[in-house]
Amino acid sequence: MYAQLVQTDGLKKPEEMSPEERAFQERIDRGEKIEPKEWMPEGYRKTLIRQIGQHAHSEIVGQLPEGNWITRAPTLERKAILLAKVQDEAGHGLYLYCAAETLGVSRDELMELLHRGKMKYSSIFNYPTLTWADMGAVGWLVDGAAIMNQVPLQRTSFGPYSRAMIRICKEESFHQRQGYAVMMKMCAGTPQQKAMAQDALNRLWYPSLMMFGPSDKDSVHSAQSMAWKIKMNTNDELRQKFVDQTVPQAEYLGLTIPDPELKWNEEKGGYDFSEPDWSEFFDVIAGNGPCNKDRLGARVKAWDDGAWFREGLVAHAEKAAARKAPLAAE
Amino acid sequence: MSKEWPLWEVFIRGQHGLNHRHVGSLHAPDAEMAINNARDVYTRRNEGVSIWVVPSAAITASSPSDKGPLFEPANSKVYRHPTFYDIPEEVGHM
Numbered sequence: 001m002y003a004q005l006v007q008t009d010g011l012k013k014p015e016e017m018s019p020e021e022r023a024f025q026e027r028i029d030r031g032e033k034i035e036p037k038e039w040m041p042e043g044y045r046k047t048l049i050r051q052i053g054q055h056a057h058s059e060i061v062g063q064l065p066e067g068n069w070i071t072r073a074p075t076l077e078r079k080a081i082l083l084a085k086v087q088d089e090a091g092h093g094l095y096l097y098c099a100a101e102t103l104g105v106s107r108d109e110l111m112e113l114l115h116r117g118k119m120k121y122s123s124i125f126n127y128p129t130l131t132w133a134d135m136g137a138v139g140w141l142v143d144g145a146a147i148m149n150q151v152p153l154q155r156t157s158f159g160p161y162s163r164a165m166i167r168i169c170k171e172e173s174f175h176q177r178q179g180y181a182v183m184m185k186m187c188a189g190t191p192q193q194k195a196m197a198q199d200a201l202n203r204l205w206y207p208s209l210m211m212f213g214p215s216d217k218d219s220v221h222s223a224q225s226m227a228w229k230i231k232m233n234t235n236d237e238l239r240q241k242f243v244d245q246t247v248p249q250a251e252y253l254g255l256t257i258p259d260p261e262l263k264w265n266e267e268k269g270g271y272d273f274s275e276p277d278w279s280e281f282f283d284v285i286a287g288n289g290p291c292n293k294d295r296l297g298a299r300v301k302a303w304d305d306g307a308w309f310r311e312g313l314v315a316h317a318e319k320a321a322a323r324k325a326p327l328a329a330e
Numbered sequence: 001m002s003k004e005w006p007l008w009e010v011f012i013r014g015q016h017g018l019n020h021r022h023v024g025s026l027h028a029p030d031a032e033m034a035i036n037n038a039r040d041v042y043t044r045r046n047e048g049v050s051i052w053v054v055p056s057a058a059i060t061a062s063s064p065s066d067k068g069p070l071f072e073p074a075n076s077k078v079y080r081h082p083t084f085y086d087i088p089e090e091v092g093h094m
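One line per chain: the protein sequences are X and Y, in this order. According to the working numbering, the first sequence is numbered sequentially starting from 1. According to the working numbering, the second sequence is numbered sequentially starting from 1.
If we strip away everything but chain Y, and leave its shape as in the complex, we get:
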């Protein structure tokens, strides 16, 4: 069987100036074709104004088993949220 086209991850920036957001993946022989294909597969209804494609093989992901050590430390740090602080009403909006 002949060589399979590599997999690319597709990121799209929507109309409203937000970050590029991961929308899915697709196969393409090279980056240029990946952009062309992403246009057809992921933006048929004006979903975007800019496309990034990244070879899937180039992505390093955190491992699911690291979920605890990576994210639990943030759980106890409630003082990072503004709602932790009681500000008197007289002070006005803050």
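Next up, chain X with everything else stripped away, as it sits in the complex:
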């Protein structure tokens, strides 16, 4: 999802656990929340830092594809809406960095790891947003997929992560609905506008399915994360749920999901659908997607260009504090 391919060392069996680890697992099984200063296995802490950090980076990098259209929104109202959405993403990134920081890593350290390519963000943001219809499709599909993952994470075992998720979910529904509203407008417009909407769906459908991560049979690292309740559903469960929810929404728009194999399966009560091209997914994760260089480059540039400003504010704060307490300095 927003955190894909977060690796752990594999599931520990009860007999392999130390007494502390067993007590910890029992607390999680009872549904207790783990809070920052409490004892936790090192693997739990590390996995969470990677997962929450990656999630936070995704929110921040996720501003870029939509930021691309703020100055070109078709109306003032759409511009205001898009600005509010992108501002929310910044906020969501900040909630998540704070949650990660309670685990003993600093936000600047996480930023640095992102900038050096040592931490990832969601593969979806390495695709370009070529037309205004993409603003509709991103809200509808990308935020829709994110919600699918984030709603169960509200019940995750780590208190600060759970609380950040609750706050984010409250705000996220607006993101998906504004996207779908853009799609409705485009689909009710001229044939050219509807064709733009179809084109956006065609390009973003499979990358959206990839957001949930590889198929369960290929993600060997899920079991431990699920035992720790930092992953609540398997990748395939969530992907299925997403497809089942999205197909009727596409039908309402009069759009066609770009999958000839898509078919209702009465027996399982869900749609059968084609898997995305996983070699493309791994290629994008490895840094070879259409926009990887642009996205990371834009983040590094923003960080470097802002350095003088961040430092200036610190210098100002220090001077002001010194003026306030001149005697303390002596």
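Hints listed in this document are in silico derivations from the structure and should not be mistaken for laboratory results. Accuracy of the hints is not assured; some may be wrong.
Said to hold, decoys possible - Quick list of simulated restraints, FRET-style, between CB atoms:
1. Pro6/Y - Arg116/X: 21 to 31 Å
2. Ser50/Y - Pro36/X: 25 to 35 Å
3. Lys319/X - Arg80/Y: 36 to 46 Å
4. Pro6/Y - His115/X: 14 to 24 Å
5. Pro248/X - Ala74/Y: 19 to 29 Å
Stated by the list, open to error - Pairs of lysine-lysine residues, derived as DSSO-like cross-links and limited to a Cα-Cα distance of at most 27 Å, are as follows:
6. Lys3/Y - Lys324/X
7. Lys13/X - Lys37/X
8. Lys67/Y - Lys319/X
9. Lys67/Y - Lys229/X
10. Lys241/X - Lys185/X
11. Lys268/X - Lys241/X
12. Lys13/X - Lys217/X
13. Lys241/X - Lys217/X
14. Lys293/X - Lys118/X
15. Lys118/X - Lys3/Y
16. Lys185/X - Lys79/X
17. Lys263/X - Lys217/X
18. Lys79/X - Lys170/X
19. Lys79/X - Lys301/X
20. Lys185/X - Lys118/X
21. Lys77/Y - Lys46/X
22. Lys33/X - Lys13/X
23. Lys118/X - Lys301/X
24. Lys67/Y - Lys46/X
25. Lys37/X - Lys3/Y
26. Lys263/X - Lys77/Y
27. Lys77/Y - Lys301/X
28. Lys33/X - Lys3/Y
29. Lys185/X - Lys33/X
30. Lys118/X - Lys229/X
31. Lys46/X - Lys229/X
32. Lys46/X - Lys79/X
33. Lys67/Y - Lys33/X
34. Lys229/X - Lys170/X
As the list claims (entries may be wrong) - Computed far set for chain Y versus chain X, every beta-carbon distance over 12 Å:
35. Glu4
36. Arg13
37. Gln15
38. His16
39. Asn19
40. Tyr42
Even glycine gets a Cβ: it sits at the ideal position worked out from N, Cα and C.
Once you've looked at the hints, dock chain Y against the given chain X.
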């Protein structure tokens, strides 16, 4: 690497006259900026009418291992709750 902005804990009072409530934390160079940032990060949808910010370093927290000695004594004192007392119905609401 240059100095990281300090961390602040943010408390917000909602619309209905309740206590300020902890909502999260953020980084800012000073208190004034912390309030400005808290406005943008934590009150984008009218969540509050007042903001407090406190340097995180200024907070002293109870230790998780003290949970027992701190909070268990209250467990046995059921007589502190009104439901401990049986009041006859004839007496009316009390």
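Going down the list of hints, with the structure as the test:
1. Pro6/Y - Arg116/X: 21 to 31 Å: holds (24 Å)
2. Ser50/Y - Pro36/X: 25 to 35 Å: holds (26 Å)
3. Lys319/X - Arg80/Y: 36 to 46 Å: Once the Cβ atoms are compared, 52 Å apart, the range 36 to 46 Å for Arg80/Y and Lys319/X is violated.
4. Pro6/Y - His115/X: 14 to 24 Å: 22 Å Cβ-Cβ, so the 14 to 24 Å window holds.
5. Pro248/X - Ala74/Y: 19 to 29 Å: violated (52 Å)
6. Lys3/Y - Lys324/X: holds (21 Å)
7. Lys13/X - Lys37/X: holds (25 Å)
8. Lys67/Y - Lys319/X: With a Cα-Cα distance of about 41 Å, the restraint between Lys67/Y and Lys319/X is violated, given a limit of 27 Å.
9. Lys67/Y - Lys229/X: Roughly 23 Å separates the two Cα atoms, so the pair holds.
10. Lys241/X - Lys185/X: With Cα atoms ~26 Å apart, Lys241/X and Lys185/X stay inside 27 Å; holds.
11. Lys268/X - Lys241/X: With Cα atoms ~12 Å apart, Lys268/X and Lys241/X stay inside 27 Å; holds.
12. Lys13/X - Lys217/X: Between Lys13/X and Lys217/X the Cα gap is close to 20 Å, so the pair holds against 27 Å.
13. Lys241/X - Lys217/X: holds (18 Å)
14. Lys293/X - Lys118/X: Distance ~14 Å between Lys293/X and Lys118/X Cα, so the pair holds.
15. Lys118/X - Lys3/Y: Answer holds: Lys118/X to Lys3/Y is near 22 Å, not above 27 Å.
16. Lys185/X - Lys79/X: Distance of about 15 Å is within 27 Å: holds.
17. Lys263/X - Lys217/X: Satisfied, since the Cα-Cα distance of roughly 22 Å is no more than 27 Å.
18. Lys79/X - Lys170/X: holds (22 Å)
19. Lys79/X - Lys301/X: holds (25 Å)
20. Lys185/X - Lys118/X: Distance of about 41 Å is beyond 27 Å: violated.
21. Lys77/Y - Lys46/X: Measuring from Cα to Cα gives roughly 41 Å; hence the hint is violated.
22. Lys33/X - Lys13/X: holds (21 Å)
23. Lys118/X - Lys301/X: Satisfied, since the Cα-Cα distance of roughly 17 Å is no more than 27 Å.
24. Lys67/Y - Lys46/X: Holds. Lys67/Y to Lys46/X sits at ~25 Å (cutoff 27 Å).
25. Lys37/X - Lys3/Y: Holds, because 25 Å separates the two Cα atoms, which is no more than 27 Å.
26. Lys263/X - Lys77/Y: violated (62 Å)
27. Lys77/Y - Lys301/X: violated (60 Å)
28. Lys33/X - Lys3/Y: Since the Cα atoms of Lys33/X and Lys3/Y sit roughly 33 Å apart, the hinted pair is violated (cutoff 27 Å).
29. Lys185/X - Lys33/X: violated (44 Å)
30. Lys118/X - Lys229/X: holds (25 Å)
31. Lys46/X - Lys229/X: Within the cut-off at roughly 14 Å; holds.
32. Lys46/X - Lys79/X: Judged against 27 Å, a Cα distance of about 39 Å means the pair is violated.
33. Lys67/Y - Lys33/X: holds (14 Å)
34. Lys229/X - Lys170/X: Since the Cα atoms of Lys229/X and Lys170/X sit roughly 21 Å apart, the hinted pair holds (cutoff 27 Å).
35. Glu4: violated (5 Å)
36. Arg13: Holds: least Cβ distance 17 Å, greater than 12 Å.
37. Gln15: holds (16 Å)
38. His16: Consistent with the label, His16/Y stays out of reach of chain X, its closest Cβ about 18 Å off (over 12 Å).
39. Asn19: Given a closest Cβ separation of 18 Å, the condition holds.
40. Tyr42: violated (8 Å)
Violated hints, listed in ascending order, are 3, 5, 8, 20, 21, 26, 27, 28, 29, 32, 35 and 40; each of the other numbered hints is respected by the structure.
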